[in-house]
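Let's have the full structure, built from the sequences with the hints guiding it.
Residue numbers (our numbering), protein chains in the order written: chain A, 1 to 137; chain B, 1 to 137; chain C, 1 to 137; chain D, 1 to 137; chain E, 1 to 137; chain F, 1 to 137.
Bear in mind the hints are in silico, worked out from the structure with no lab data behind them.
Any given hint could turn out to be false.
To give a feel for the contact side, a few chain D residues facing chain C, derived at Cβ under 8 Å [to be verified]:
# : residue
1 : H41
2 : H43
3 : D88
Straight-line C-alpha distance at most 35 Å; calculated DSBU-like pairs for lysine-lysine [to be verified]:
#  : chain 1 : residue 1 : chain 2 : residue 2
4  : D       : K108      : A       : K58
5  : C       : K58       : B       : K69
6  : A       : K69       : D       : K58
7  : E       : K69       : C       : K93
8  : C       : K137      : E       : K58
9  : E       : K118      : B       : K58
10 : B       : K70       : E       : K34
11 : B       : K58       : A       : K34
Bear in mind the structure is a predicted one, so any value in this text is a computation, not a measurement.
All residues carry an ideal CB built from backbone N, CA and C; glycine is no exception.
Protein chains: 6
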Amino acid sequence: MPRVTVTRRVRFNAAHRVHNPELSEAENTRLFGKCNNPNWHGHNYTLDVSVEGDVDQKTGYVWDLSQLKKIVEREIVDIVDHKNFNLDVPFMKGIIPTSENIITAFWKILAPQVNPGKLSRLVLWETENNYVEYTGK
Amino acid sequence: MPRVTVTRRVRFNAAHRVHNPELSEAENTRLFGKCNNPNWHGHNYTLDVSVEGDVDQKTGYVWDLSQLKKIVEREIVDIVDHKNFNLDVPFMKGIIPTSENIITAFWKILAPQVNPGKLSRLVLWETENNYVEYTGK
Amino acid sequence: MPRVTVTRRVRFNAAHRVHNPELSEAENTRLFGKCNNPNWHGHNYTLDVSVEGDVDQKTGYVWDLSQLKKIVEREIVDIVDHKNFNLDVPFMKGIIPTSENIITAFWKILAPQVNPGKLSRLVLWETENNYVEYTGK
Amino acid sequence: MPRVTVTRRVRFNAAHRVHNPELSEAENTRLFGKCNNPNWHGHNYTLDVSVEGDVDQKTGYVWDLSQLKKIVEREIVDIVDHKNFNLDVPFMKGIIPTSENIITAFWKILAPQVNPGKLSRLVLWETENNYVEYTGK
Amino acid sequence: MPRVTVTRRVRFNAAHRVHNPELSEAENTRLFGKCNNPNWHGHNYTLDVSVEGDVDQKTGYVWDLSQLKKIVEREIVDIVDHKNFNLDVPFMKGIIPTSENIITAFWKILAPQVNPGKLSRLVLWETENNYVEYTGK
Amino acid sequence: MPRVTVTRRVRFNAAHRVHNPELSEAENTRLFGKCNNPNWHGHNYTLDVSVEGDVDQKTGYVWDLSQLKKIVEREIVDIVDHKNFNLDVPFMKGIIPTSENIITAFWKILAPQVNPGKLSRLVLWETENNYVEYTGK
Numbered sequence: 001m002p003r004v005t006v007t008r009r010v011r012f013n014a015a016h017r018v019h020n021p022e023l024s025e026a027e028n029t030r031l032f033g034k035c036n037n038p039n040w041h042g043h044n045y046t047l048d049v050s051v052e053g054d055v056d057q058k059t060g061y062v063w064d065l066s067q068l069k070k071i072v073e074r075e076i077v078d079i080v081d082h083k084n085f086n087l088d089v090p091f092m093k094g095i096i097p098t099s100e101n102i103i104t105a106f107w108k109i110l111a112p113q114v115n116p117g118k119l120s121r122l123v124l125w126e127t128e129n130n131y132v133e134y135t136g137k
Numbered sequence: 001m002p003r004v005t006v007t008r009r010v011r012f013n014a015a016h017r018v019h020n021p022e023l024s025e026a027e028n029t030r031l032f033g034k035c036n037n038p039n040w041h042g043h044n045y046t047l048d049v050s051v052e053g054d055v056d057q058k059t060g061y062v063w064d065l066s067q068l069k070k071i072v073e074r075e076i077v078d079i080v081d082h083k084n085f086n087l088d089v090p091f092m093k094g095i096i097p098t099s100e101n102i103i104t105a106f107w108k109i110l111a112p113q114v115n116p117g118k119l120s121r122l123v124l125w126e127t128e129n130n131y132v133e134y135t136g137k
Numbered sequence: 001m002p003r004v005t006v007t008r009r010v011r012f013n014a015a016h017r018v019h020n021p022e023l024s025e026a027e028n029t030r031l032f033g034k035c036n037n038p039n040w041h042g043h044n045y046t047l048d049v050s051v052e053g054d055v056d057q058k059t060g061y062v063w064d065l066s067q068l069k070k071i072v073e074r075e076i077v078d079i080v081d082h083k084n085f086n087l088d089v090p091f092m093k094g095i096i097p098t099s100e101n102i103i104t105a106f107w108k109i110l111a112p113q114v115n116p117g118k119l120s121r122l123v124l125w126e127t128e129n130n131y132v133e134y135t136g137k
Numbered sequence: 001m002p003r004v005t006v007t008r009r010v011r012f013n014a015a016h017r018v019h020n021p022e023l024s025e026a027e028n029t030r031l032f033g034k035c036n037n038p039n040w041h042g043h044n045y046t047l048d049v050s051v052e053g054d055v056d057q058k059t060g061y062v063w064d065l066s067q068l069k070k071i072v073e074r075e076i077v078d079i080v081d082h083k084n085f086n087l088d089v090p091f092m093k094g095i096i097p098t099s100e101n102i103i104t105a106f107w108k109i110l111a112p113q114v115n116p117g118k119l120s121r122l123v124l125w126e127t128e129n130n131y132v133e134y135t136g137k
Numbered sequence: 001m002p003r004v005t006v007t008r009r010v011r012f013n014a015a016h017r018v019h020n021p022e023l024s025e026a027e028n029t030r031l032f033g034k035c036n037n038p039n040w041h042g043h044n045y046t047l048d049v050s051v052e053g054d055v056d057q058k059t060g061y062v063w064d065l066s067q068l069k070k071i072v073e074r075e076i077v078d079i080v081d082h083k084n085f086n087l088d089v090p091f092m093k094g095i096i097p098t099s100e101n102i103i104t105a106f107w108k109i110l111a112p113q114v115n116p117g118k119l120s121r122l123v124l125w126e127t128e129n130n131y132v133e134y135t136g137k
Numbered sequence: 001m002p003r004v005t006v007t008r009r010v011r012f013n014a015a016h017r018v019h020n021p022e023l024s025e026a027e028n029t030r031l032f033g034k035c036n037n038p039n040w041h042g043h044n045y046t047l048d049v050s051v052e053g054d055v056d057q058k059t060g061y062v063w064d065l066s067q068l069k070k071i072v073e074r075e076i077v078d079i080v081d082h083k084n085f086n087l088d089v090p091f092m093k094g095i096i097p098t099s100e101n102i103i104t105a106f107w108k109i110l111a112p113q114v115n116p117g118k119l120s121r122l123v124l125w126e127t128e129n130n131y132v133e134y135t136g137k
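Now the structure itself:
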């Protein structure tokens, strides 16, 4: 029974400010530079959601990607698209919205929902030159 | 003497809110939908700046694209990158920051600076599925 | 009043066979090669729909691209996506489904629906190495 | 002796229908939706073939990618390009042509042909938003 | 009879040095910077060849793109791919190999060969951030 | 403490000749074909540098990618961009400049500089159809 990884890509855009409220303004500026702009900036994000599992003999699918898409849209895209990560997104409250923290927050939401198969990897592109990956470890 | 069009692509990211302050909140919501989010959202923008002119026999260039790049970075990218179009950008004050209004504002700034050749086209991508073009007409 | 061109990109996939039923099989093979496979082949198509018009002062838009998208999805994408151009698409009946013929058929459908502004260009990518453009002439 | 993974990307387009003939039409429609269209649909597929091995000191290559390309074109691309996965491809007979089943079928064909090095990963893109990976497990 | 523009994209890679032998080394350095490196540098070029014409009723084609591809490969790609524009390419002898000069040289070669239709546009990408266009004027 | 992989993409272009000086011309031609052109050819390379590490609670970063970018530009891009791998690059002296040998040379330079986190993967694209990966093994 071969184990295959299937991936669905989704896109959204959002504003954010990379800022740690426990640090001084000077320290925030030193650490985060122009990403600390108090008036926000934003990105077109691309998210790849990968699920690994056995290929079902009846369907030839690991998991119907249209089902996976529905879950990712309901749980992630509808919450963050055209939103502000610092102000509008309940699951990011109190968390600095770096790509690293966003991707691990996404993982916590998506991992329990994947069935059949298991969530095996998330890749989040912030710009076309920067991306982060997480495999749940 | 052949006339060639040369293009330099630059990228920046910014936050914005599509909002007309002269209209009611209800009217803004009806017209602009999720793009009217008061907490902002943002994009990775791509801008293509095209200059048309004769090919110089001494250099083989219409215009040295590294010169063009310097001007576009100084006049546009340094002003808008990691910024908020509504709050941070002097030349967008009082203007609804749609892609249409952004591109015509860019044109006004860049057209007088192009020399030799003439500014012949701007293309601004807001997402990978939306773009606007302006040729100065 | 500046005139700007705004573009919305949509995607669909479809099967087709490039075949002229008025010609012999031998002639079809000679003209169309592997694109004439009687068992069909298919593509992921990309369509750019461009509308040119004045920028509306109230909205900053030439035309709300979400409106344009709705029309293109209703009139084109819902009819051709996951379909066979030769068998399933009413407006292609009796027409050889080359990219040239597809794009002019799309134009006839979309041009009367564009308002405000005017439909100014369609670009249809059949593969990442082939595309066709039509401006209504 | 460093172990490097080298990848060659190839492209082809094909028609298919996601359909299990052992199930009723109603069940096929429920499971596969518009991918079950009896008149077929199609895609531009992208396939990445990766080989892992030691770097040969004489050539600086793990494996000459032009050799790998020749094999992939002969064994895969020439068989599936501009074809119908359900009707035209011998090695897919009796197999539902999902991306999962296509990629494992490709693996069985390519793995014995890779020499030197070993076939370490296949990635198959069906659309720009969907892809599957297989590493032989 | 609709007039459609059809485009075929080809790719090649080559070395070059942007250098005017009639100028001093100092002047070359001032004008061309790192593009003047005497030991060469190189690019993966992308070339879009566009032909405009009436759609033939028998074939549904403006011009069979596989014919156009054959001509572009024979006349351009086979001459410049994996070559040095300054040393290896007969039609660039004595010409500074800027993208502007390359594209007008390509035009002279291709324009007489296009039939039916007429060569309407060349676009040459030198990097993903720089491209030039020529329409024969 | 989640472990995330962060990646920065950089680009450069360079000339090279795939050639083993210890072999005859005939043997070089047989092994390397058109990549052995004595007058060089070149590429636009894309390099993805990935660092794996714990997410720092103070910054939300594994490692500030602008720091990583600075190091990669200083140690790699400034040395190879617009250069000839065979003639201009000290760390490639005596090494056949295949992508496999380039990527392992880059690894030796970058691995000791990554701190915090560890260099976990390099991916080097030579063309859009060829790439190599190395993870230090």
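Failing hints, ascending? 6, 11
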